[in-house]
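Peer 1: Chain by chain, the residues:
2 protein chains.
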Amino acid sequence: MVKPHAVKGTPSQQLPDRRAVLKTGAALSAFVGGASVPSLSMAQAATGLSLTVPEWMKVQGRGILSPPYGVPSPFEKDVVRRQREVRVTDTAATSFSPLQNSFGTITPNGLCFERHHAGVPSIDPDRHRLVIHGLVERPLVLTMDELMRFPSVSRIAFLECSGNTPNWKSVNPDFGVQQTHGLLMCCEWTGVLLSTLLDEVGLGPEAKWVLAEGADAAAMTRSVPIAKALDDAMVVYGQNGERLRPEQGYPLRLLLPGYEGNMNIKWLRRLKLGDQPFETREETSKYTDLMPDGKARQFTFVMEAKSVITRPSGGQRLSGGPGFYEISGLAWSGHGRIDRVEVSTDGGQSWHEAQLQEPILSKAVVRFRAPWRWDGKSALLQSRAIDETGYVQPRHGELVDVRGVNSFYHYNAIQTWSVNPDGKVAIHVA
Amino acid sequence: MVKPHAVKGTPSQQLPDRRAVLKTGAALSAFVGGASVPSLSMAQAATGLSLTVPEWMKVQGRGILSPPYGVPSPFEKDVVRRQREVRVTDTAATSFSPLQNSFGTITPNGLCFERHHAGVPSIDPDRHRLVIHGLVERPLVLTMDELMRFPSVSRIAFLECSGNTPNWKSVNPDFGVQQTHGLLMCCEWTGVLLSTLLDEVGLGPEAKWVLAEGADAAAMTRSVPIAKALDDAMVVYGQNGERLRPEQGYPLRLLLPGYEGNMNIKWLRRLKLGDQPFETREETSKYTDLMPDGKARQFTFVMEAKSVITRPSGGQRLSGGPGFYEISGLAWSGHGRIDRVEVSTDGGQSWHEAQLQEPILSKAVVRFRAPWRWDGKSALLQSRAIDETGYVQPRHGELVDVRGVNSFYHYNAIQTWSVNPDGKVAIHVA
Chain A
1 MVKPHAVKGT PSQQLPDRRA VLKTGAALSA FVGGASVPSL SMAQAATGLS
51 LTVPEWMKVQ GRGILSPPYG VPSPFEKDVV RRQREVRVTD TAATSFSPLQ
101 NSFGTITPNG LCFERHHAGV PSIDPDRHRL VIHGLVERPL VLTMDELMRF
151 PSVSRIAFLE CSGNTPNWKS VNPDFGVQQT HGLLMCCEWT GVLLSTLLDE
201 VGLGPEAKWV LAEGADAAAM TRSVPIAKAL DDAMVVYGQN GERLRPEQGY
251 PLRLLLPGYE GNMNIKWLRR LKLGDQPFET REETSKYTDL MPDGKARQFT
301 FVMEAKSVIT RPSGGQRLSG GPGFYEISGL AWSGHGRIDR VEVSTDGGQS
351 WHEAQLQEPI LSKAVVRFRA PWRWDGKSAL LQSRAIDETG YVQPRHGELV
401 DVRGVNSFYH YNAIQTWSVN PDGKVAIHVA
Chain B
1 MVKPHAVKGT PSQQLPDRRA VLKTGAALSA FVGGASVPSL SMAQAATGLS
51 LTVPEWMKVQ GRGILSPPYG VPSPFEKDVV RRQREVRVTD TAATSFSPLQ
101 NSFGTITPNG LCFERHHAGV PSIDPDRHRL VIHGLVERPL VLTMDELMRF
151 PSVSRIAFLE CSGNTPNWKS VNPDFGVQQT HGLLMCCEWT GVLLSTLLDE
201 VGLGPEAKWV LAEGADAAAM TRSVPIAKAL DDAMVVYGQN GERLRPEQGY
251 PLRLLLPGYE GNMNIKWLRR LKLGDQPFET REETSKYTDL MPDGKARQFT
301 FVMEAKSVIT RPSGGQRLSG GPGFYEISGL AWSGHGRIDR VEVSTDGGQS
351 WHEAQLQEPI LSKAVVRFRA PWRWDGKSAL LQSRAIDETG YVQPRHGELV
401 DVRGVNSFYH YNAIQTWSVN PDGKVAIHVA
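Sequences listed follow chains A and B, in order. Heads up: the first sequence runs through residues 1 to 430, numbered per the working numbering. Heads up: the second sequence runs through residues 1 to 430, numbered per the working numbering.
Quick caveat, the hints were computed from the structure, so don't treat them as lab data. Certain hints may be false.
As the list claims (entries may be wrong) - Each computed EDC-like pair below joins lysine to aspartate or glutamate, with the alpha-carbon atoms no more than 20 Å apart:
| hint | chain 1 | residue 1 | chain 2 | residue 2 |
| --- | --- | --- | --- | --- |
| 1 | B | Lys77 | A | Asp126 |
| 2 | B | Lys58 | A | Glu137 |
| 3 | A | Lys77 | B | Asp126 |
| 4 | B | Lys8 | A | Asp126 |
| 5 | B | Lys208 | B | Glu279 |
| 6 | B | Lys77 | A | Asp124 |
| 7 | A | Lys58 | B | Glu279 |
Just chain A, same shape as in the assembly:
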């Protein structure tokens, strides 16, 4: 077992070695005063200055339990979910996670993206029921208390809306990574394997699909193949150590690791076994992919390998001038584990293997990092993910050559951020 902070991947030959960079005066001038070895007198002066006792050491701080359920620092008030564009309604809408301010792999519950079709229902857990019926031997009605007595499992898994990054035809030059990739979260989920419940009810021999229905006013419904239901599907009530948040399906949601977000039905009230897909609105009118020949791909469940650099990213600035910066981002694949991530600073002409933070889990986001010495000139930053199946995240042109530009969902091409000589980072408009 490697140590949890161990990293996978070899530092690139061409990207700079950190120690060499930090120890020459060429980089991190803010750290070493621009000299190749800082003079002790300079450092001492600086030390004396900063050991001045700040005002917050001179008074007692705020008391305990204020509040009993904690909230972020007021200095982080801008790190919140946001809309991408002006919304038509307030209850069929979307909010995006601030990936530009993300660390590690876990998305905190307060920042998980939202997508509702009829708003967030307020559900009394004591009155909520899960019904399992249709082609089963023994239909079941479960209260939450009953459901929580079943054997439970936990796993870390990502959830991505298949409408994340709809860059088929164009990009908005003002967008940062929150707007382009913020329909992504990764959490530790706890609940009951769906296979446990299906074992309890007894599957009929003709049962091939499961209809999942939500208890919101949209009565959101999707069909799930029985193979997925019996593999790693779960009904979950816990998210990152506590009960689901209302906007994530409190008190119960379906979790289909690696499948498009829309199928992970929130406020889950019903599972009906059938012998064919149920052809609901969300798998006919929506969540299909219109191909160049006029036919539509249907039941494209698995979110394919994707990655994005979160720092530096659009809207940020390399404020320290030329020198050392860490390039950091997220990679994920609905097909399993990420095998490696490569990073380019020249728009894809050359690639360097990034370091991956252990543990690397199947169908969970992976944090990748690559050291970079910025020379102060224009640069084009890219990342590409390769998963355990050998699938390589495509370039925009490669994806469009196959799928055309009529789709809205399932865009997973390489994202490019441009760095200008003044340090400003923005989305790259080809």
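For this one, chain A is given, so just place chain B on it according to the hints.
Peer 2: Okay, now just chain B, sitting in the frame of chain A:
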């Protein structure tokens, strides 16, 4: 690589097989109507009842971004941090995490326990500085922006106050697991390895200890051995995917994986290298262990292997009558990975190996689970952890035989919950 929801450990021979339990009428009568195979007509009747459209499906739910930084369901309003006893002051106080409501391994940031000695300072991150000085070649003063340019790492690690579970002399019969074990959290931390920073400043040949100082009004200080500083110590700014919360040290804290919580200095402002320990109040007057012979153990840094059953636990109730229940809890060791956890339902006369949730990470909590068929009689529930060093969590008597009863800190003996025939669970008073 095992699947993330894979479990380690073999189901016990003596604890019941779940399927057998669920499929007989002896357990889970709420699920199967008390019959060994429920009649379809019963189930259909129940199904028809529950497919009634609930009131929350008839109206639009609340809108998007309400609020932009999310909060738990109002139905979970009692799942908060709490005090154990009446406090003397509000700024030198402690609050406890509600472990009885925990799921999986991650503690959400809003529920992480608090311990302050002079309240929570409100620190402007733009004005905060980290000074590294003393026996170093090149003293450094770092702004947060500068620090966040260094190569970063993430890891999941537990933090436990060494004053957690001070059951040396007695227990309070009214305490639940929040009061007995709630000074425990496990989070994904992101920051810079301390070894990276020490490499940058250059260690003097005499440097053997590091003094860490907090920027609160208590100016909390502790001495850290250089071996730990160069091993896995970190200065962290990220916690569970976002910036540290104020009560956890915003904008910067020390993280010493596996070491007692008090040493993980919050609001970190200074690291001073010296040739010997600094003998601060927190390592002389406090955080030492008074032995029976009148001598005190000092510098007992590592939190030894420990575990506790969180569900069912004191204050809860087996509300469904005799039948199947899952026993679930947490295990951790400051020395590395948990090797196995054993569970007893007869006060330690017999032990059964629990299942451990993968991934099992070094110096992180592990979720263990064991199936249990309650026969409706009195029972005494216990768990004991064994870590990768072979260390076995001791019984109370074994611990007291060695350490006496004069200590306050570092109690890690086996916890016992009693189950009464009426289903009530309470702390066991020997």
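Peer 1: If a hint holds in the structure, say so; if it does not, say that too.
Peer 2: A quick look at each hint next to the structure:
Proximity of Lys77/B to Asp126/A is assessed by CA-CA distance (about 15 Å); at most 20 Å being required, the pair is judged to hold. Under the criterion of a C-alpha separation no larger than 20 Å, the hint pairing Lys58/B with Glu137/A is inconsistent with the structure, at around 31 Å. The straight-line distance between the Cα atoms of Lys77/A and Asp126/B is roughly 15 Å, inside the 20 Å bound, and the hint therefore holds. For the given pair, Lys8/B sits about 33 Å from Asp126/A by alpha-carbon distance, which is inconsistent with the 20 Å threshold.
The hinted pair formed by Lys208/B and Glu279/B meets the criterion: a straight-line CA distance of about 14 Å does not exceed 20 Å. For a cut-off of 20 Å, the pair hint linking Lys77/B to Asp124/A stands: about 13 Å separates their Cα positions. The straight-line distance between the Cα atoms of Lys58/A and Glu279/B is roughly 23 Å, outside the 20 Å bound, and the hint therefore fails.
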